[in-house]
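Novice: Given these sequences and hints, build the entire structure.
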Amino acid sequence: GAGVSQSPRYKVAKRGQDVALRCDPISGHVSLFWYQQALGQGPEFLTYFQNEAQLDKSGLPSDRFFAERPEGSVSTLKIQRTQQEDSAVYLCASSRRSSGELFFGEGSRLTVL
Amino acid sequence: RKEVEQDPGPFNVPEGATVAFNCTYSNSASQSFFWYRQDCRKEPKLLMSVYSSGNEDGRFTAQLNRASQYISLLIRDSKLSDSATYLCVGYSSASKIIFGSGTRLSIRP
Numbered sequence: 024g025a026g027v028s029q030s031p032r033y034k035v036a037k038r039g040q041d042v043a044l045r046c047d048p049i050s051g052h053v054s055l056f057w058y059q060q061a062l063g064q065g066p067e068f069l070t071y072f073q074n075e076a077q078l079d080k081s082g083l084p085s086d087r088f089f090a091e092r093p094e095g096s097v098s099t100l101k102i103q104r105t106q107q108e109d110s111a112v113y114l115c116a117s118s119r120r121s122s123g124e125l126f127f128g129e130g131s132r133l134t135v136l
Numbered sequence: 007r008k009e010v011e012q013d014p015g016p017f018n019v020p021e022g023a024t025v026a027f028n029c030t031y032s033n034s035a036s037q038s039f040f041w042y043r044q045d046c047r048k049e050p051k052l053l054m055s056v057y058s059s060g061n062e063d064g065r066f067t068a069q070l071n072r073a074s075q076y077i078s079l080l081i082r083d084s085k086l087s088d089s090a091t092y093l094c095v096g097y098s099s100a101s102k103i104i105f106g107s108g109t110r111l112s113i114r115p
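So the protein sequences, as listed, match chains V and G.
Each residue of the first sequence is one higher than the last, beginning at 24 in the numbering used here.
Each residue of the second sequence is one higher than the last, beginning at 7 in the numbering used here.
Some clues are possibly wrong.
Claimed, not checked - No farther apart than 30 Å at their CA atoms in a straight line, the calculated lysine-lysine pairs in the DSS-like style are these:
| hint | chain 1 | residue 1 | chain 2 | residue 2 |
| --- | --- | --- | --- | --- |
| 1 | G | Lys102 | V | Lys34 |
| 2 | V | Lys101 | G | Lys51 |
| 3 | V | Lys34 | G | Lys48 |
| 4 | V | Lys80 | G | Lys51 |
| 5 | V | Lys80 | G | Lys8 |
| 6 | G | Lys51 | G | Lys102 |
To be verified - Covered stretches of chain G (chain V as the covering partner; in silico rule of three or more C-beta atoms under 8 Å from a C-beta of chain V):
| hint | region |
| --- | --- |
| 7 | 48-56 |
| 8 | 102-111 |
As the list claims (entries may be wrong) - Pair by pair, the computed Cβ-Cβ distance ranges are:
| hint | chain 1 | residue 1 | chain 2 | residue 2 | range |
| --- | --- | --- | --- | --- | --- |
| 9 | V | Ser85 | G | Glu62 | 38 to 48 Å |
| 10 | V | Arg87 | G | Pro115 | 45 to 55 Å |
| 11 | G | Ser112 | V | Arg32 | 19 to 29 Å |
| 12 | V | Gln64 | G | Ser112 | 14 to 24 Å |
| 13 | V | Glu94 | G | Arg82 | 44 to 54 Å |
| 14 | G | Asn71 | V | Arg87 | 32 to 42 Å |
| 15 | G | Tyr57 | V | Ala61 | 27 to 37 Å |
| 16 | V | Gly63 | G | Gln75 | 20 to 30 Å |
| 17 | V | Arg87 | G | Arg82 | 31 to 41 Å |
| 18 | V | Pro93 | G | Asn71 | 37 to 47 Å |
I should point out that these hints are in silico values taken from the structure, not numbers from a laboratory.
For glycine and all other residues, C-beta sits at the position ideal for the given N, C-alpha and C.
Specialist: Right, here's the structure in full:
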């Protein structure tokens, strides 16, 4: 399809494992965002890319979280040494331009045991 | 204090009723505002933009009051299909797109 694609949709990790979540944005979309959404809460901003440049990573909760978008298209969010509090849905969104409408993927639901 | 705050609800109203939600924001530099809708276990989707002059899209009306730093969403003649969580969103820069916690709406037959 032509929408934002995220994988895996579901991930169960043991505490301490590393995980990698992938986002394939809509082709041609310059801006890419990662959000973390806990149950019953709104999406919380993690990081923002404009093409391959990570312009804002102020929302990453700790240095265990790392995101990249090396060729300005696909992005990966990596979480090292996962903790139980990392359990959430991780949403990726892209937009054609900054301040434009955000198009979200279906999210990756991470459960850390 | 969160940058964008909403009444979490839930609002439980009968079909056909009119319902309104407010959202307040603390960052006066916020430039643009939107309402997104999120269905249970789905991703958020844009519902409508919010303009200072107010805007209407069918049964939905959005208003922005910059002096008091709040935005509102009014839904008239509510339908069962309007049941969802409504997220208030503020843009204060290209990267600072902040979501409220959402207001849950449930329409009963």
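Novice: Confirm or reject each hint.
Specialist: Evaluated hints:
1. Lys102(G) with Lys34(V): 28 Å, holds
2. Lys101(V) with Lys51(G): 25 Å, holds
3. Lys34(V) with Lys48(G): 17 Å, holds
4. Lys80(V) with Lys51(G): The hint holds at about 23 Å.
5. Lys80(V) with Lys8(G): 18 Å, holds
6. Lys51(G) with Lys102(G): Judged against 30 Å, a Cα distance of about 18 Å means the pair holds.
7. 48-56: holds (count 5)
8. 102-111: It holds: at least three residues are needed, and the region 102-111 of chain G offers 7 whose Cβ sits within less than 8 Å of chain V.
9. Ser85(V) with Glu62(G): 38 to 48 Å: Holds, at about 44 Å.
10. Arg87(V) with Pro115(G): 45 to 55 Å: 47 Å, holds
11. Ser112(G) with Arg32(V): 19 to 29 Å: This hint holds: roughly 26 Å between Cβ atoms.
12. Gln64(V) with Ser112(G): 14 to 24 Å: 18 Å, holds
13. Glu94(V) with Arg82(G): 44 to 54 Å: With a Cβ separation near 47 Å, Glu94(V) and Arg82(G) satisfy 44 to 54 Å, so the hint holds.
14. Asn71(G) with Arg87(V): 32 to 42 Å: 41 Å, holds
15. Tyr57(G) with Ala61(V): 27 to 37 Å: 31 Å, holds
16. Gly63(V) with Gln75(G): 20 to 30 Å: 25 Å, holds
17. Arg87(V) with Arg82(G): 31 to 41 Å: Once the Cβ atoms are compared, 47 Å apart, the range 31 to 41 Å for Arg82(G) and Arg87(V) is violated.
18. Pro93(V) with Asn71(G): 37 to 47 Å: Holds, at about 43 Å.
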